Amino acid sequence: MQMSSPGVMKICQVLAPNVMIHKLNVNPSMHPIKQKRRVFAPERNAAVMAEVDKLLTAGFIREVYYPEWLANVVMVKKPNGKWRMCVDFTDLNKACPKDSYPLPRIDQLVDSTAGHKLLSFMDAFSGYNQIRMEEEDQEKTAFITSRGLFCYKVMPFGLKNAGATYQRLVNKMFHDQIGRNVEVYVDDMLVKSKENEDHLKDLKETFQALRTYNMKLNPEKCAFGVSSGKFLGFMVSQRGIEANPDKIKAILEMSPPTTVKEVQSLTGKAAALNRFVSRSTDKCLPFFKVLRKAFQWTEECQRAFEELKVYLSSPPLLSPSKTGEELYLYLAVSSSAVSSALIREEERVQKPVYYTSRALKGAEERYSNMEKLAFALLIASRKTQAILPGPLNSGHKPWQTSSRSSLTHGKKEGEPEQLETWTVNIDGSSTKEMGGAGIILVSPEKDKFEYAIQLRFRATNNEAEYEALLAWAETIKEDGSQESDRQKRFLSWS
1 MQMSSPGVMK
11 ICQVLAPNVM
21 IHKLNVNPSM
31 HPIKQKRRVF
41 APERNAAVMA
51 EVDKLLTAGF
61 IREVYYPEWL
71 ANVVMVKKPN
81 GKWRMCVDFT
91 DLNKACPKDS
101 YPLPRIDQLV
111 DSTAGHKLLS
121 FMDAFSGYNQ
131 IRMEEEDQEK
141 TAFITSRGLF
151 CYKVMPFGLK
161 NAGATYQRLV
171 NKMFHDQIGR
181 NVEVYVDDML
191 VKSKENEDHL
201 KDLKETFQAL
211 RTYNMKLNPE
221 KCAFGVSSGK
231 FLGFMVSQRG
241 IEANPDKIKA
251 ILEMSPPTTV
261 KEVQSLTGKA
271 AALNRFVSRS
281 TDKCLPFFKV
291 LRKAFQWTEE
301 CQRAFEELKV
311 YLSSPPLLSP
321 SKTGEELYLY
331 LAVSSSAVSS
341 ALIREEERVQ
351 KPVYYTSRAL
361 KGAEERYSNM
371 EKLAFALLIA
381 SRKTQAILPG
391 PLNSGHKPWQ
401 TSSRSSLTHG
411 KKEGEPEQLE
421 TWTVNIDGSS
431 TKEMGGAGII
441 LVSPEKDKFE
451 YAIQLRFRAT
461 NNEAEYEALL
471 AWAETIKEDG
481 SQESDRQKRF
491 LSWS
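Residue 33 in full-length UniProt numbering is what sits at position 33 of the sequence shown, and the numbering runs on without skipping anything.
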């Protein structure tokens, strides 16, 4: 396996143009923009010159004359105290259409990684720089320094569609392995093995793919044959998924906020941990109230702050779901939020798979409990669609157990009666003037019942689907004794 030491890779070692090349596809109607040169302090300017020398030696940049597009460099401090040179491609990016190539869902990648015995984390050496720029687009990446004007011959960091190009490359490289023994998100690569004895074989297969495409790895950022590690902001292991310790530490070490900005920082940090916090919106509600008016850190805020710290001092381990197993979804609603907990059962012990929570806004706060439950179901299904293995089977009547207690403690007080379920298919569409939505109910006997509504107001597709779900729920509610059997259905995924 080929690896590169920092500063060693040359232009002749990057990927061949027929493998992958980055094109800007600049809109010809956009006028080129030349940014005025920024002046740096001596320390930063010295760092710029050192980086320019390194890039020139590698052959990654070349000097350019009379460029139409021109951008400034931006110096960013690294965690180790050194400087990273970036280029401000803001103007150029505005002239480039978005590449709609899909990026994988982070939640899905993390879930599919947890539960494996051995993992290997790999990082490409200057990953973006291993892809060449289209020759006719090179001068558009021109940047200005105190030494002169230069442009990139390889794909630099900061271009609008660089991530999409890189994802297209790695999907091509590992198309036979992704989902089986490899997961890749842009430049984050991971090899996973269910059994220890399979890991060497999985690594050999991965190295062969890397060698075929001539991609180099950075040995300083690789870890091979480990039982756990950080992947896309989460800690993954055979046991399950844990929150990033650094994100938890950032909240645990916080002092009580004294300004609105500090409260915003707190809510942002808490939002990054939503998946691991049961009813997170309810727990953080006092913080949101502070943001709506003049700053005042109340006793309620302090109490919520301390309770959040206590909860995060021992956050739950999320258990990865297994293909084909039954999952339980608990819903909870309050006056200000809707929440859910997706649960799996192992040896009669319930383990959390995913928590969701969302604050109610505006008219949503006036929803009835039935409407809030429907809304909670909608939010949960969208958040966990990568985990749920099949269609939603739902009915009107909730379990006769305390779903709030189950959601809070992850324990089930009783088993529901195992009744047959109905399948619900919802579809919505909208135009500039109005929207519409339809529902198809399929009974256990495969009988179909169709229900359609017309919305005489503008609505997004998601809003149209939601209105259809509410209309169906209200219909069931009003059907009374004629639909007593249907009302007995309970919520489950199978």
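Derived from the structure by calculation, the hints contain no laboratory data.
Note that the structure is a prediction, hence the values are computed from the model and not measured.
Each residue gets a CB set at the ideal place from its N, CA and C atoms; glycine is no exception.
Check each hint, because a few of them may be wrong.
[As the list claims (entries may be wrong)] Pair ranges (Cβ atoms, derived): (1) E43 with D198: 46 to 56 angstroms; (2) R147 with R303: 21 to 31 angstroms; (3) G268 with K117: 27 to 37 angstroms; (4) N93 with N171: 14 to 24 angstroms; (5) N196 with H31: 30 to 40 angstroms; (6) Q13 with I178: 22 to 32 angstroms; (7) N196 with W83: 33 to 43 angstroms.
| Hint check against the structure, violated hint numbers in rising order | 2, 5
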